[in-house]
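> What follows is the residue order along each chain.
Number of protein chains: 2
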Amino acid sequence: MNGNYLEASVKLINQKTKFKCQVNGKEPVVVDYIPPFGDGEGYTSLELLLMSLASCFGSTVKLMINNHLKKQVAGVKVLASGTRKEEHPTSFESITLKLEIAASDLDAEELEKTIQFAKDSMCPVWDMLRNNVEITTENAIILGRGK
Amino acid sequence: MNGNYLEASVKLINQKTKFKCQVNGKEPVVVDYIPPFGDGEGYTSLELLLMSLASCFGSTVKLMINNHLKKQVAGVKVLASGTRKEEHPTSFESITLKLEIAASDLDAEELEKTIQFAKDSMCPVWDMLRNNVEITTENAIILGRGK
Numbered sequence: 014m015n016g017n018y019l020e021a022s023v024k025l026i027n028q029k030t031k032f033k034c035q036v037n038g039k040e041p042v043v044v045d046y047i048p049p050f051g052d053g054e055g056y057t058s059l060e061l062l063l064m065s066l067a068s069c070f071g072s073t074v075k076l077m078i079n080n081h082l083k084k085q086v087a088g089v090k091v092l093a094s095g096t097r098k099e100e101h102p103t104s105f106e107s108i109t110l111k112l113e114i115a116a117s118d119l120d121a122e123e124l125e126k127t128i129q130f131a132k133d134s135m136c137p138v139w140d141m142l143r144n145n146v147e148i149t150t151e152n153a154i155i156l157g158r159g160k
Numbered sequence: 014m015n016g017n018y019l020e021a022s023v024k025l026i027n028q029k030t031k032f033k034c035q036v037n038g039k040e041p042v043v044v045d046y047i048p049p050f051g052d053g054e055g056y057t058s059l060e061l062l063l064m065s066l067a068s069c070f071g072s073t074v075k076l077m078i079n080n081h082l083k084k085q086v087a088g089v090k091v092l093a094s095g096t097r098k099e100e101h102p103t104s105f106e107s108i109t110l111k112l113e114i115a116a117s118d119l120d121a122e123e124l125e126k127t128i129q130f131a132k133d134s135m136c137p138v139w140d141m142l143r144n145n146v147e148i149t150t151e152n153a154i155i156l157g158r159g160k
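So the sequences go chain by chain: A and B. Taking my numbering, the leading residue of the first sequence gets 14, the next gets one more, and so forth. Taking my numbering, the leading residue of the second sequence gets 14, the next gets one more, and so forth.
Because the hints were derived from the structure by calculation, they are not lab data. Check each hint, because a few of them may be wrong.
For chains that are exact copies, the list does not tell them apart, and a pair is met inside one copy or across any two.
Here are the simulated lysine to any residue pairs, SDA-like style, with alpha carbons at most 20 Å apart [said to hold, decoys possible]:
hint, residue 1, residue 2
1, 98, 144
2, 39, 122
3, 29, 43
4, 98, 143
5, 31, 115
6, 39, 83
7, 90, 123
8, 111, 125
9, 84, 130
10, 29, 88
11, 132, 76
12, 132, 144
13, 39, 90
14, 83, 43
15, 31, 111
16, 132, 16
17, 90, 153
18, 90, 106
19, 29, 85
20, 132, 102
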């Protein structure tokens with residue numbers, strides 16, 4: 014057991030596809046598949062994957078702006094959307110990440126370079142999807158503090 | 014917008030790396046990175062990825078036992094553990110999925126075949142990590158209803 018070792022457990026809690034997912038000591042997350050297989054009473058596994066990628070990408074870019082460019086970030090939003098394949102396995106064919114960064118002294122070129130470095134070398138979840146899912150990014154800088 | 018289109022949003026909610034992650038109308042999930050970058054006040058993005066994979070794998074196997082083998086499943090548990098790389102990007106080098114299926118009339122060979130088919134053709138999250146992360150499975154059948 015060390016800082017590079019992580020674990021999570023999931024447990025079926027009804028007769029269909031509803032799972033309680035948890036990491037020790039943290040608030041459980043409920044996952045359920047859509048009808049008719051499940052009852053849609055939670056996130057789907059693929060929605061969790063979008064949240065994993067979006068949060069990983071957003072925090073990676075934010076920390077790189079802070080630590081490499083030595084600039085402040087007042088806000089970060091990422092909207093992740095994905096389209097599933099029609100045939101099994103119905104994984105994402107493509108994912109789009111729309112990133113909004115609120116920062117008063119960041120220019121477009123700095124953000125572009127940061128995003129490129131995040132994609133290529135820094136974002137772990139992106140790295141695990143590489144070559145399997147087409148991921149595209151769009152980005153915008155919101156001046157001021159953002160909301 | 015259709016059944017194959019999914020989206021999720023994440024929004025920074027403090028000055029560090031704490032994000033509120035959400036799909037419309039569902040209970041938010043809080044993500045935060047570990048100190049010193051964040052405060053560890055939520056799941057990490059990589060923990061969400063483990064939950065995504067474990068729930069996807071568990072529900073895929075469960076549904077295949079129900080629908081292909083026409084057998085009942087009383088319980089499913091998956092413990093997912095992953096070891097991160099030392100260097101950036103610090104993605105998972107390997108993930109282990111320990112699966113427990115509670116079923117009274119399932120035999121080991123049927124479960125093995127089902128797992129193989131889930132890996133190869135049915136589990137979407139597995140499919141997106143293919144060739145990028147070494148994923149191994151261990152499995153056990155628990156007789157009776159399980160807990």
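> Next, verify each hint and record whether it holds.
Comparing the hints with the structure gives:
no.	hint	verdict
1	98 - 144	both (15 Å within a copy, 19 Å between copies)
2	39 - 122	neither (39 Å within a copy, 36 Å between copies)
3	29 - 43	within (13 Å within a copy, 26 Å between copies)
4	98 - 143	both (17 Å within a copy, 16 Å between copies)
5	31 - 115	between (37 Å within a copy, 15 Å between copies)
6	39 - 83	neither (32 Å within a copy, 36 Å between copies)
7	90 - 123	within (18 Å within a copy, 45 Å between copies)
8	111 - 125	within (13 Å within a copy, 41 Å between copies)
9	84 - 130	within (16 Å within a copy, 49 Å between copies)
10	29 - 88	between (39 Å within a copy, 10 Å between copies)
11	132 - 76	within (14 Å within a copy, 35 Å between copies)
12	132 - 144	both (12 Å within a copy, 18 Å between copies)
13	39 - 90	between (23 Å within a copy, 18 Å between copies)
14	83 - 43	neither (38 Å within a copy, 26 Å between copies)
15	31 - 111	between (30 Å within a copy, 18 Å between copies)
16	132 - 16	neither (23 Å within a copy, 28 Å between copies)
17	90 - 153	within (10 Å within a copy, 42 Å between copies)
18	90 - 106	neither (23 Å within a copy, 28 Å between copies)
19	29 - 85	between (47 Å within a copy, 10 Å between copies)
20	132 - 102	between (25 Å within a copy, 9 Å between copies)
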